[in-house]
Amino acid sequence: MLKALVAVLAIAGVVALGIFGPRWLMSEDVAEADQGAVECDLLNTTCHWAHKGKSWHARLQKSGVQAQGTEYHLTVKTNGNQPRMLAVLRGESMYLGEYPVPMTKAGMSPDGEGQLWEARFTAPFCTTDPSMTWRIDLQAGMDHAFVMPVKLTFVAKGRV
1 MLKALVAVLA IAGVVALGIF GPRWLMSEDV AEADQGAVEC DLLNTTCHWA
51 HKGKSWHARL QKSGVQAQGT EYHLTVKTNG NQPRMLAVLR GESMYLGEYP
101 VPMTKAGMSP DGEGQLWEAR FTAPFCTTDP SMTWRIDLQA GMDHAFVMPV
151 KLTFVAKGRV
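Going by the working numbering, the first residue of the sequence shown is number 1, and it counts up by one from there.
The reader is advised that the hints may include incorrect statements.
As the list claims (entries may be wrong) - Result set (DSBU-like, lysine-lysine): computed pairs, CA atoms no more than 30 Å apart in a straight line:
1) K151 x K105
2) K151 x K52
3) K62 x K105
4) K151 x K62
5) K54 x K105
Said to hold, decoys possible - Here are the computed distance ranges between Cβ atoms for each label pair:
6) H51 x A7: 48 to 58 Å
7) L2 x D137: 41 to 51 Å
8) L2 x E98: 37 to 47 Å
9) D137 x A106: 13 to 23 Å
10) L17 x H73: 40 to 50 Å
11) D137 x G64: 53 to 63 Å
12) A4 x P149: 53 to 63 Å
13) H73 x H51: 20 to 30 Å
14) R59 x A10: 50 to 60 Å
Don't read these hints as lab results, they were simulated from the structure.
Don't be surprised by glycine CBs; every beta carbon is placed ideally from N, CA and C.
Take the sequences, apply the hints, and build the full model.
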(Lines of atoms letter the chains of each structure in order from A; the text may use other names.)
(Lines give C-alpha, C1' and ligand atoms only; values in the text may rest on other atoms or scores of the structure.)
Protein backbone atom coordinates (compact mmCIF):
# COMPACT_ATOMS: atom_id res chain seq x y z
CA MET A 1 0.00 0.00 0.00
CA LEU A 2 2.81 2.42 0.92
CA LYS A 3 4.71 1.60 -2.30
CA ALA A 4 1.60 2.32 -4.38
CA LEU A 5 1.09 5.68 -2.63
CA VAL A 6 4.73 6.66 -3.18
CA ALA A 7 4.50 5.64 -6.85
CA VAL A 8 1.31 7.71 -7.37
CA LEU A 9 2.89 10.75 -5.67
CA ALA A 10 6.06 10.38 -7.76
CA ILE A 11 4.07 10.19 -11.00
CA ALA A 12 1.96 13.20 -9.98
CA GLY A 13 5.15 15.14 -9.18
CA VAL A 14 6.69 14.34 -12.57
CA VAL A 15 3.48 15.37 -14.37
CA ALA A 16 3.27 18.64 -12.38
CA LEU A 17 6.93 19.38 -13.13
CA GLY A 18 6.34 18.69 -16.82
CA ILE A 19 3.37 21.06 -16.93
CA PHE A 20 4.55 23.93 -14.70
CA GLY A 21 8.35 23.60 -14.97
CA PRO A 22 8.86 25.10 -18.46
CA ARG A 23 6.47 27.97 -17.73
CA TRP A 24 8.33 28.78 -14.51
CA LEU A 25 11.75 28.57 -16.18
CA MET A 26 10.72 30.82 -19.08
CA SER A 27 9.17 33.44 -16.78
CA GLU A 28 12.43 33.74 -14.83
CA ASP A 29 14.48 34.28 -18.01
CA VAL A 30 12.08 36.87 -19.39
CA ALA A 31 11.96 38.75 -16.09
CA GLU A 32 15.76 38.94 -15.90
CA ALA A 33 16.19 39.95 -19.54
CA ASP A 34 13.50 42.64 -19.49
CA GLN A 35 14.35 44.24 -16.15
CA GLY A 36 14.38 47.98 -16.81
CA ALA A 37 14.85 47.58 -20.57
CA VAL A 38 13.20 50.07 -22.92
CA GLU A 39 11.88 48.55 -26.16
CA CYS A 40 13.18 49.92 -29.46
CA ASP A 41 11.81 48.88 -32.88
CA LEU A 42 14.91 48.40 -35.05
CA LEU A 43 13.07 48.47 -38.38
CA ASN A 44 11.49 51.88 -37.73
CA THR A 45 14.29 53.75 -35.98
CA THR A 46 17.98 53.74 -35.14
CA CYS A 47 18.28 52.64 -31.52
CA HIS A 48 20.70 54.58 -29.30
CA TRP A 49 21.88 53.76 -25.79
CA ALA A 50 24.85 54.20 -23.48
CA HIS A 51 26.28 51.65 -21.08
CA LYS A 52 29.39 51.91 -18.90
CA GLY A 53 30.54 55.05 -20.67
CA LYS A 54 30.24 53.50 -24.14
CA SER A 55 27.85 54.74 -26.79
CA TRP A 56 25.90 52.29 -28.96
CA HIS A 57 23.78 52.69 -32.12
CA ALA A 58 21.92 49.85 -33.85
CA ARG A 59 19.94 49.84 -37.09
CA LEU A 60 18.15 47.12 -39.05
CA GLN A 61 17.21 47.36 -42.72
CA LYS A 62 15.47 44.99 -45.10
CA SER A 63 17.89 43.90 -47.84
CA GLY A 64 15.40 42.11 -50.06
CA VAL A 65 13.31 38.98 -50.27
CA GLN A 66 15.01 35.63 -50.94
CA ALA A 67 13.56 32.12 -51.27
CA GLN A 68 14.04 31.64 -47.50
CA GLY A 69 12.31 34.93 -46.62
CA THR A 70 13.24 38.54 -46.03
CA GLU A 71 16.96 39.21 -45.62
CA TYR A 72 17.91 41.77 -42.97
CA HIS A 73 21.07 43.86 -42.60
CA LEU A 74 22.02 44.70 -39.00
CA THR A 75 24.50 47.51 -38.35
CA VAL A 76 25.91 48.27 -34.89
CA LYS A 77 28.21 51.19 -34.12
CA THR A 78 30.03 51.53 -30.80
CA ASN A 79 32.92 53.54 -29.43
CA GLY A 80 33.83 50.55 -27.26
CA ASN A 81 36.72 48.35 -28.35
CA GLN A 82 35.08 44.98 -29.05
CA PRO A 83 37.34 42.11 -30.17
CA ARG A 84 34.30 40.20 -31.54
CA MET A 85 30.56 40.47 -31.48
CA LEU A 86 27.60 38.15 -31.91
CA ALA A 87 23.90 38.97 -32.34
CA VAL A 88 21.51 36.39 -30.91
CA LEU A 89 18.06 36.25 -32.47
CA ARG A 90 15.33 35.17 -30.02
CA GLY A 91 11.58 34.91 -30.44
CA GLU A 92 9.88 37.66 -28.43
CA SER A 93 6.19 37.05 -29.16
CA MET A 94 6.71 33.27 -29.25
CA TYR A 95 9.70 31.12 -28.32
CA LEU A 96 11.23 29.61 -31.46
CA GLY A 97 14.73 28.99 -30.15
CA GLU A 98 17.92 31.05 -30.27
CA TYR A 99 19.76 31.76 -33.50
CA PRO A 100 23.33 33.11 -33.27
CA VAL A 101 24.22 35.58 -36.00
CA PRO A 102 27.98 36.25 -36.28
CA MET A 103 28.83 39.89 -36.83
CA THR A 104 31.82 41.05 -38.86
CA LYS A 105 33.86 44.12 -38.11
CA ALA A 106 33.34 46.55 -41.00
CA GLY A 107 36.04 48.95 -39.83
CA MET A 108 35.59 52.45 -38.51
CA SER A 109 32.27 54.24 -38.77
CA PRO A 110 32.02 56.93 -41.47
CA ASP A 111 32.20 59.67 -38.83
CA GLY A 112 35.40 58.12 -37.41
CA GLU A 113 33.96 57.90 -33.89
CA GLY A 114 33.71 54.15 -33.38
CA GLN A 115 33.75 50.60 -34.69
CA LEU A 116 31.17 49.45 -37.19
CA TRP A 117 29.83 45.87 -37.04
CA GLU A 118 27.54 44.25 -39.62
CA ALA A 119 25.53 41.07 -40.08
CA ARG A 120 23.10 39.73 -42.67
CA PHE A 121 20.47 37.17 -41.72
CA THR A 122 17.02 35.80 -42.49
CA ALA A 123 14.62 35.38 -39.57
CA PRO A 124 13.05 31.90 -39.35
CA PHE A 125 9.39 31.57 -40.31
CA CYS A 126 6.68 31.10 -37.74
CA THR A 127 3.98 28.89 -39.25
CA THR A 128 1.29 29.86 -36.72
CA ASP A 129 1.77 33.65 -36.70
CA PRO A 130 2.61 35.51 -39.94
CA SER A 131 3.89 38.54 -37.98
CA MET A 132 6.52 37.31 -35.54
CA THR A 133 8.26 39.70 -33.12
CA TRP A 134 11.97 38.96 -32.70
CA ARG A 135 14.51 40.32 -30.21
CA ILE A 136 18.22 40.80 -30.92
CA ASP A 137 20.64 40.50 -28.00
CA LEU A 138 24.30 41.43 -28.48
CA GLN A 139 27.16 39.38 -27.05
CA ALA A 140 30.95 39.60 -27.01
CA GLY A 141 31.59 36.18 -28.54
CA MET A 142 29.78 33.06 -27.36
CA ASP A 143 29.87 33.61 -23.61
CA HIS A 144 29.58 37.23 -22.62
CA ALA A 145 26.13 38.78 -23.06
CA PHE A 146 26.01 42.55 -22.77
CA VAL A 147 23.72 44.07 -20.18
CA MET A 148 21.62 46.29 -22.40
CA PRO A 149 19.22 48.98 -21.12
CA VAL A 150 17.33 48.68 -24.40
CA LYS A 151 15.47 45.73 -25.93
CA LEU A 152 16.10 45.59 -29.70
CA THR A 153 13.02 44.17 -31.44
CA PHE A 154 11.52 43.93 -34.92
CA VAL A 155 8.49 42.34 -36.56
CA ALA A 156 9.24 39.86 -39.34
CA LYS A 157 6.50 39.12 -41.85
CA GLY A 158 6.31 35.44 -42.75
CA ARG A 159 4.82 33.71 -45.76
CA VAL A 160 1.07 34.01 -46.16
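Exercise for the section: Please test the hint of 48 to 58 Å on the beta carbon pair from H51 and A7. Expected result: Given range 48 to 58 Å: holds, Cβ gap about 53 Å.
Practice task
Assess, step by step, whether the Cα of K151 is no farther than 30 Å from the Cα of K52, and give holds or violated.
Solution key: It holds: about 17 Å lies between the C-alpha atoms, which stays within 30 Å.
Practice task
For the pair supplied as a hint, K151 and K62, confirm whether the alpha-carbon distance does not exceed 30 Å.
Solution key: holds, 19 Å
Problem - 20 to 30 Å as the expected CB spacing between H51 and H73, which holds or is violated - result: Cβ of H73 to Cβ of H51: about 23 Å, so the range 20 to 30 Å holds.
Exercise for the section: With a cut-off of 30 Å on the C-alpha distance, tell me whether K151 and K105 pass. Expected result: holds, 22 Å
Problem - P149 and A4 - C-beta distance against the hinted 53 to 63 Å - result: holds, 55 Å
Exercise for the section: Could you grab the alpha-carbon distance between K54 and K105 and see if it respects the 30 Å cut-off? Expected result: holds, 17 Å
Practice task
Look at the Cβ atoms of L17 and H73 and judge whether their distance stays inside 40 to 50 Å.
Solution key: With Cβ atoms ~43 Å apart, the hint holds.
Practice task
Take the C-beta atom of L2 and the C-beta atom of E98, compute their distance, and say whether it sits inside 37 to 47 Å.
Solution key: holds, 45 Å
Problem - CB-CB spacing for A10 and R59 relative to the 50 to 60 Å hint - result: holds, 53 Å
Handout entry: CB-CB spacing for G64 and D137 relative to the 53 to 63 Å hint
Key = Given range 53 to 63 Å: violated, Cβ gap about 25 Å.
Problem - Satisfaction of hint between K105 and K62, Cα-Cα up to 30 Å - result: holds, 20 Å
In summary, the one numbered hint that this structure violates is 11.
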